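Single-letter residue listing:
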Amino acid sequence: MEDQNKLIHEVTQRDYRFGFVSDIETDTIVKGLNEEVIRIISAKKDEPEFMLEFRLKAYRRWLTMKMPEWAQLKVPVIDYQEIIFYAAPTQQAKYESLNEVDPELLRTFEKLGIPLEEQKMLSGVAVDAVIDSVSVKTTFKETLAERGIIFCSFSEAVKHHPDLIQKYLGMAVPYNDNYFAALNSAVFSDGSFVYIPKGTRCPMELSTYFRINAQNTGQFERTLVIADDDSYVSYLEGCTAPMRDENQLHAAVVEIIALDRAEVKYSTVQNWYPGDKNGKGGIFNFVTKRGICKGVASKIFWNQVETGSAITWKYPSCILMGDNSVAEFNSVALTNNHQQADTGTKMIHIGKNTKSTIVSKGISAGHSSNSYRGLVRVAPKAENARNYSQCDSLLLGDTCGAHTFPYIEVGNSSSIIEHEATTSKIGEDQIFYCNQRGISTEDAIGMIVNGYAREVINKLPMEFAVEAQKLLQISLEGSVG
Amino acid sequence: MLVIKDLYAKVEGKDILKGINLTVNAGEVHAIMGPNGSGKSTLANVLAGNTNFEVTHGSITFNGKDIFEMSPDVRAKEGLFLSFQYPVEIPGVSMVNFLKTAVNEHRKYRNEKELSAGDFLKLMREKKAMVQIDSQLTNRSVNEGFSGGEKKKNEIFQMAMLEPTLAILDETDSGLDIDALRIVSNGVNLLKNKNNATILVTHYQRLLDYIVPDFVHVLYEGRIVKSAGKELAFELEEKGYDWIKKELGE
Chain A
1 MEDQNKLIHE VTQRDYRFGF VSDIETDTIV KGLNEEVIRI ISAKKDEPEF MLEFRLKAYR
61 RWLTMKMPEW AQLKVPVIDY QEIIFYAAPT QQAKYESLNE VDPELLRTFE KLGIPLEEQK
121 MLSGVAVDAV IDSVSVKTTF KETLAERGII FCSFSEAVKH HPDLIQKYLG MAVPYNDNYF
181 AALNSAVFSD GSFVYIPKGT RCPMELSTYF RINAQNTGQF ERTLVIADDD SYVSYLEGCT
241 APMRDENQLH AAVVEIIALD RAEVKYSTVQ NWYPGDKNGK GGIFNFVTKR GICKGVASKI
301 FWNQVETGSA ITWKYPSCIL MGDNSVAEFN SVALTNNHQQ ADTGTKMIHI GKNTKSTIVS
361 KGISAGHSSN SYRGLVRVAP KAENARNYSQ CDSLLLGDTC GAHTFPYIEV GNSSSIIEHE
421 ATTSKIGEDQ IFYCNQRGIS TEDAIGMIVN GYAREVINKL PMEFAVEAQK LLQISLEGSV
481 G
Chain C
1 MLVIKDLYAK VEGKDILKGI NLTVNAGEVH AIMGPNGSGK STLANVLAGN TNFEVTHGSI
61 TFNGKDIFEM SPDVRAKEGL FLSFQYPVEI PGVSMVNFLK TAVNEHRKYR NEKELSAGDF
121 LKLMREKKAM VQIDSQLTNR SVNEGFSGGE KKKNEIFQMA MLEPTLAILD ETDSGLDIDA
181 LRIVSNGVNL LKNKNNATIL VTHYQRLLDY IVPDFVHVLY EGRIVKSAGK ELAFELEEKG
241 YDWIKKELGE
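As given, the protein sequences belong to chains A and C, one line each in that order.
Each residue of the first sequence is one higher than the one before, starting from 1 at the first, in this note's numbering.
Each residue of the second sequence is one higher than the one before, starting from 1 at the first, in this note's numbering.
The set of hints was computed from the structure by calculation and includes no laboratory data.
All the given hints hold, so there is nothing to weed out.
Each computed DSSO-like pair below joins lysine-lysine, with the alpha-carbon atoms no more than 27 Å apart:
id, chain 1, residue 1, chain 2, residue 2
1, A, K470, C, K113
2, C, K100, C, K122
3, C, K100, A, K470
Have a look at the derived ranges for each label pair, beta carbon to beta carbon:
id, chain 1, residue 1, chain 2, residue 2, range
4, C, H57, A, G401, 35 to 43 Å
5, A, K159, C, K113, 50 to 58 Å
6, A, S424, C, D209, 36 to 44 Å
7, C, K113, A, K280, 39 to 47 Å
Quick caveat, the model's predicted, so the values are computed rather than measured.
For every residue, glycine included, the Cβ atom is placed at its ideal position computed from N, Cα and C.
Can you build the whole structure from these sequences, using the hints too?
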């Protein structure tokens, strides 16, 4: 055990591999938050009146709200007057080809192992690259446009498709939903917008790489995905961030609307800077993600692998409104060092014969705390609703914590809810077995953890699955339990 | 190849091995027999480097190198293989992935090029045929849901894949029916050559009908109390371990 603990300690010596700062000029406004700042953001973005009103309404509501304290997290006091609420790369021109893109930016992506060029050429992934708050480059838009698919930055959508924005913005996550959603609604700078028209199957995975870049800039992304009747789309969101000493606030909102028989798959690989081994620095990630299965037999799938952020507060949820609608939440959340995560999901069954599945795999190492918080609510009218929840925790070492907080509320007698939970430690015998076959302890742990998480990783699109496996391995190198 | 001198080891504070001396040369098969609790499995685990076993005295050299200077994975890559008495399940990790990693780690250690997926699968097919392992097993997670016999066959299959210079088979015969025992023994015999050595740890003489040892050692209360040729195994089978105890004057 002594040795094992020593090895666990060694993992904490590892530094963040993707930590670097890219040197791109940014245009920022003064720090702090008040109505004037919100008007400036709205004006800079040339927004229509309804957007400004939405922002102001949210801001005024936010002022009356308090930061939620029910999570199993220790959050330092955040001074909102010290945050810069808007930063945009100064080069705002749209490019005809990648050659015109700031080479520094391209190098940034290359360092991350996700060169835009290759993405474009080889994988057929349309990439909407977000560095800080403004979309710099959108690819494949024309191919998509031929099918009537809209995939653009949120700002562009506000300009060119205000009717869609006005109709759907805030439908899944109202401006007053919670403290961080209200903050986001007030100050969000940009994000992605997707609309898949009726009867259309999106021919490629849509992908956005978020990246927090300018120092002290809170990042407030807003993503809206609308899948019209009988459509299908798979959306990938992946993130890494450069190394920072100061904590950075991130409060994104993602909304998904699935209409009749539409299917949306939303996959995330998240690797934001988790802070150093002493818990200094790192991203604060307070995200509100919610989908509405609005139409009959619609489907929403949340798949995620999360290894980053100092603090994570995140519950990708589904409201199953349409009869026969289906929702899934598949998650791997890994915490190490002093990371804290309080994550999970909510499945709200409203329609009849609705079905939801939750598979949550927590992995804790170092001095981290990893909590699963899940709500399954079945409304009285949601006859024959079904939920299956599986909630597993894997512990590495004896200084980390795993907690499970399942909430189940069932309003009728025809529904069936199942909940299974396990907690295990990586067995020394498993590691020794791998060692005896010539596999080093580090590789053995990577292998065992990936095996544990495989059920979820298999749900990710291929290229993401590979990235996720590497991430899990890197995040745990040297760690034993 | 292997020289053990005056080896003492503890498990959970309890002295188990109390002065083992043993030399194994290339081309030899040694059987280590003894009653329950005599320290047979402890010896196997100490050789492989299991940290639950604490060595308190003595030395072991393997290929002329001090084995205590090597971590378990390095010992494996130096050519030491332990067929586990209780092979461990690793859920979600496919046999193919597990073995490909293991084989390539061995190759890297020898400065050889890693095998391509195609070459690896070819090697696997050959070895599977050799040890007559059900091809379905390799599509499953490591040992997960395997029967006792399947687990043991899988150990021998891994041994065939890794081609160790010293194979230690810890109670490989336990839990095997006659057919499985024959298959496992055939595998071991096929893998035997003049450059490698085998240590069989067993209770019963039965295994030695199939794999004929050059030397038989009786381990009793942490020490090797008798060594002889294969005839010793028959004598033990006939007279039981009590005979040894009597000889020792207990």
